[in-house]
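Asker: Since chain S is already given, all that's left is putting chains B and X on it; use the hints.
As you go down the protein sequences, you meet chains S, B and X in turn.
Just so we're aligned, residue 1 is where the first sequence starts under the working numbering, counting upward by one.
Just so we're aligned, residue 1 is where the second sequence starts under the working numbering, counting upward by one.
Just so we're aligned, residue 1 is where the third sequence starts under the working numbering, counting upward by one.
What the hints contain is simulated information worked out from the structure, not anything from laboratory work.
All values derive from a computational prediction rather than experimental measurement.
There's no promise every hint is true.
[Claimed, not checked] Taking lysine-lysine pairs in the DSSO-like style, the calculated list, with each CA pair at most 30 Å apart, reads: (1) S:K13 x X:K208; (2) S:K36 x X:K208; (3) S:K118 x S:K66; (4) B:K93 x B:K201; (5) B:K201 x B:K140; (6) X:K208 x S:K66.
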Amino acid sequence: MMDAPLVAVTGLKRYFDVSAPWLSRLLERKSRRLLKAVDGVSFRVARGQTFSLVGESGCGKSTVAKCILGLHGMTEGTLTFDGREITDTASRAAMAPIRRRLQMIFQDPYASLNPRWKVRSIVAEPLRAFRQGGQSGGGVRAQVGDLLRSVGLTPADADRYPHEFSGGQRQRISIARALAARPDFIACDEPTSALDVSVQAQILNLMRDLQREFQLTYLLISHNLAVVRHMSDSIGVMYLGRLVEVRHGDALFTDPRHPYTQMLLHTIPSLDVIGQQRTPLAGEVPSPINPPTGCHFHPRCPHVNARCREESPVLRAVPAGEVACHAVQEGRI
Amino acid sequence: MVHQPPLLEIRNLRVEFPTRRGTLVAIDDVSLQIGEGEVLGVVGESGAGKSITGAAVIGLLPEPGRIAGGEIRLNGRRIDGLPEEALRRIRGKEVGAIFQDPLTSLNPLYSIAAQLVETIRTHLDLRPQDARRRALDLLKEVGIPAAEDRMDGYPHEFSGGMRQRIVIALALAAHPKLVIADEPTTALDVSIQAQIIAVLKRLCRDHHASVMLITHDMGVIAEAADRVAVMYAGRLAETGPVADVIRRAQHPYTHGLMGSIPQLTARTDRLVQIEGAMPRLTELPAGCAFHPRCPRAMDRCRADRPPVVSAATGHQVACWLFEDAAAPAERRDG
Amino acid sequence: MTAFGSAAAHPDPTQGQTLRRRLADSDLWYSFRTSPVALGAAVMALLILTAVVCAPWLTHDPFDLTVVDIMDASKPPAWMADGTWQYPLGSDDQGRSVLATILYGTRLSLIVGVLSVLFAVILGVGLGLVAGFAGGLVDMVIMRLADIQLSFPAILVALLIDGIARVALPHELHERLAVFVLIFAIGISSWVHYARTVRASTMVERQKEYVQAAWLVGTPASSILLRHILPNVLGPVLVLGTLGLAAAIISEATLSFLGVGLPPTQPSLGTLIRIGNEFLFSGQWWMTIFPGIALVLVALSVNLLGDWLRDALNPKLR
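Same shape as in the complex, but just chain S:
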């Protein structure tokens, strides 16, 4: 656990410029508007483990994954992969060996496969791109068959089109495609959110099995805390672009420290307690274009004080992790 992490993210920031067009700004004297989707996120993912990012929609967790993979550029921050700095997206794009080792599984099983391509072509695309299968068609065919088998489909499925498969099966095809590149690291963006519960169980079990078999490292993005608990070795909780708590093992669930985490846990309905009224979280999630000053959570926090309104808390160590909260650091909670 103490050896070098596979992926290290430091001070990641991603801002989107959502200002009005230049002319409107000039005429109406509007200022520039920045959407701070990710506002200074740092964490490490150890090899062979699953690190999860949880939070509600708009908290920036998907953006973090896309920045790591190079689908978005970073406004600020550094990214290290296997000891090597890969911050510059352009150079990363040029470095095929690095690119190959970072892959992604997407949320929407319907939009993540090209509807006009046969499954064979879809799964073979990484094979061809990274020349894993040799040049002969026979080699590629066999490899595609193996990959499909490893995700619970049959080699015969390679001749069919995505629309002939159910949502769960399409996610399996997506996983097969990600595996085709022989990655070390896979970012999974809400991989089961669009699936039925019983299918979700199949896919999650499959992902765990594959992780053991291929020594994969996962970055799991999800809003479902129960799924996250089942899958993760470490968990980071995000709120409006910032990490508020990072804990390892079960600590987040047995000993949540940050007020947002505590409230989030309380809003998850449990099958164990029938008829329990969840304590609803007060207020609405603010807009990331105009976030509250200081600690972003302060308008909804029951432990807010003057310092919370002005000063942003930073992550500081607690048992099995870190928390960014003035109240925790001041010993108030």
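Answerer: Just chains B and X now, with coordinates in the frame of chain S:
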């Protein structure tokens, strides 16, 4: 369990979709009851037919669907097969509806006050100012902050959670006795879901309305429903009090479903997994629809479709494992 | 559509299939079989096409000077007094059979129509793909070009191009190249529709996850554009192209009628109408009416087919 006549009674409902490729049976011999003031959860995965059930009750089956058998009774009166004009009078006044997407449930071109007032005045004979006052009361009831100032705003000025509250207000505006809520929280953030369920429960209790809560989320059912009906491939698998069905699931499908849901409270090594997937309505197997995936399938299951029998008081299941249950099966020709 | 019911549980079975497969699939074929309008239009189009292709075997080439007999000039159609069955639809002032000129003229009209549509499609789809995919400045430039193009009426653009061609090229060369000039003129004034549609679809497809997955394995942009996105945006182009064909045929006829299209030495239907028009008031109505009817039939059958195709392929109407 229900001693007075039920508010809503669905008996042997059959819904078909005639297509060029043959007739699709979306709902096959489903019987349900909702008592006064009761919350019935209808749970199932996509394609199970739960939304279609709700649509059939309120008369909004998508084309070319039609009710091909059975009956739906509201307060003893048949409402299936009524002409459109009669159905329109029922909708809103006796049966309200809440859909999944608050974005499309509200007309973006009209203020929310206008939409509320329109609904109120359609069903209740009130003067415009009285209707407006009633609309304001409803908005306060559902917890819209600064309702008086904001009621003339447009839907896009409100967040998703607020919009869903407005939709709940709309559904209850004319004091319906039954509210059909189809996935009311699915499109919302987790922290907002809890708020909406709380609002829904509170309002329905205060207005003495029953709820048919349609969802795929068992957690919502556990929290909000009194009884639950589990649907699979257009058929009923199991019905009963929520605590019973969750803790002592009788049907192998329900059992598998409960096991496959990851729990917040404990970490397991491997989730229970039901092999395969729910069959498409065009490819339903003979006999019990679940038998290809059932770990306890018998020969009987492959041949004949199991009737609904009683497994315990108020707890019914459609499974051959309970063939020799004590209480008689429900009459199928009702 | 109502709010009830989950579309995801029953995915549209025809979405995503290759075109050939889609046609063989029952939905489109069924729609065709059961639509009397589509069947009628198809029959008519087929007849026209057959007649045009078989023209050399049906009649003599009316523009072969050795065959034409000026003594047979201005004969009325066969069923009238003075007419003979040698010239079923009558003959024109040069002694050419009107039927023959119609057949050959339709051939030219169709050639010009089809090729100009092809040109517009290739140009429009290409620019639309690039604009939709690249975004930013490139998109802006292409769209402004499109706006400029649209602000000129198609006829004026064609007149301009034809005028330049007439001045720039010597007379005989211009006559021989008239077809190509016309194809270029009509094509250049109609690419915008395809470009806009394809640009909109490209912008949608570009955001989809399968494109991101292709990025992640390092597929170059050109490959993503041609192999991933293009197959997914071509659907509406087929419909637009069919309807555009009818429009192109009419455009060509208009230009020829105005005298800036095909010359009398290789006339299209429009030219024939123009020439025949001069004899209309001397009582020789057949020289202009029959080419006119032919033009209407051609355009109508193509239009009806295009309309049927658009409705049949529209997922919202199923």
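Asker: Next, verify each hint and record whether it holds.
Answerer: Now the hints, each set against the structure:
1. For the given pair, K13 (chain S) sits about 24 Å from K208 (chain X) by alpha-carbon distance, which is consistent with the 30 Å threshold.
2. For the suggested pair K36 (chain S) and K208 (chain X), the alpha carbons sit about 23 Å apart, so the restraint of at most 30 Å is met.
3. Distance restraint check for K118 (chain S) and K66 (chain S): the Cα-Cα separation of roughly 26 Å lies within the 30 Å cut-off, and the hinted pair is therefore satisfied.
4. Under the criterion of a C-alpha separation no larger than 30 Å, the hint pairing K93 (chain B) with K201 (chain B) is consistent with the structure, at around 19 Å.
5. For the hint pairing K201 (chain B) with K140 (chain B), the CA-to-CA distance comes to about 15 Å; that is within 30 Å, so the pair holds.
6. Annotation: proposed proximity of K208 (chain X) to K66 (chain S) holds, straight-line Cα distance about 14 Å (limit 30 Å).
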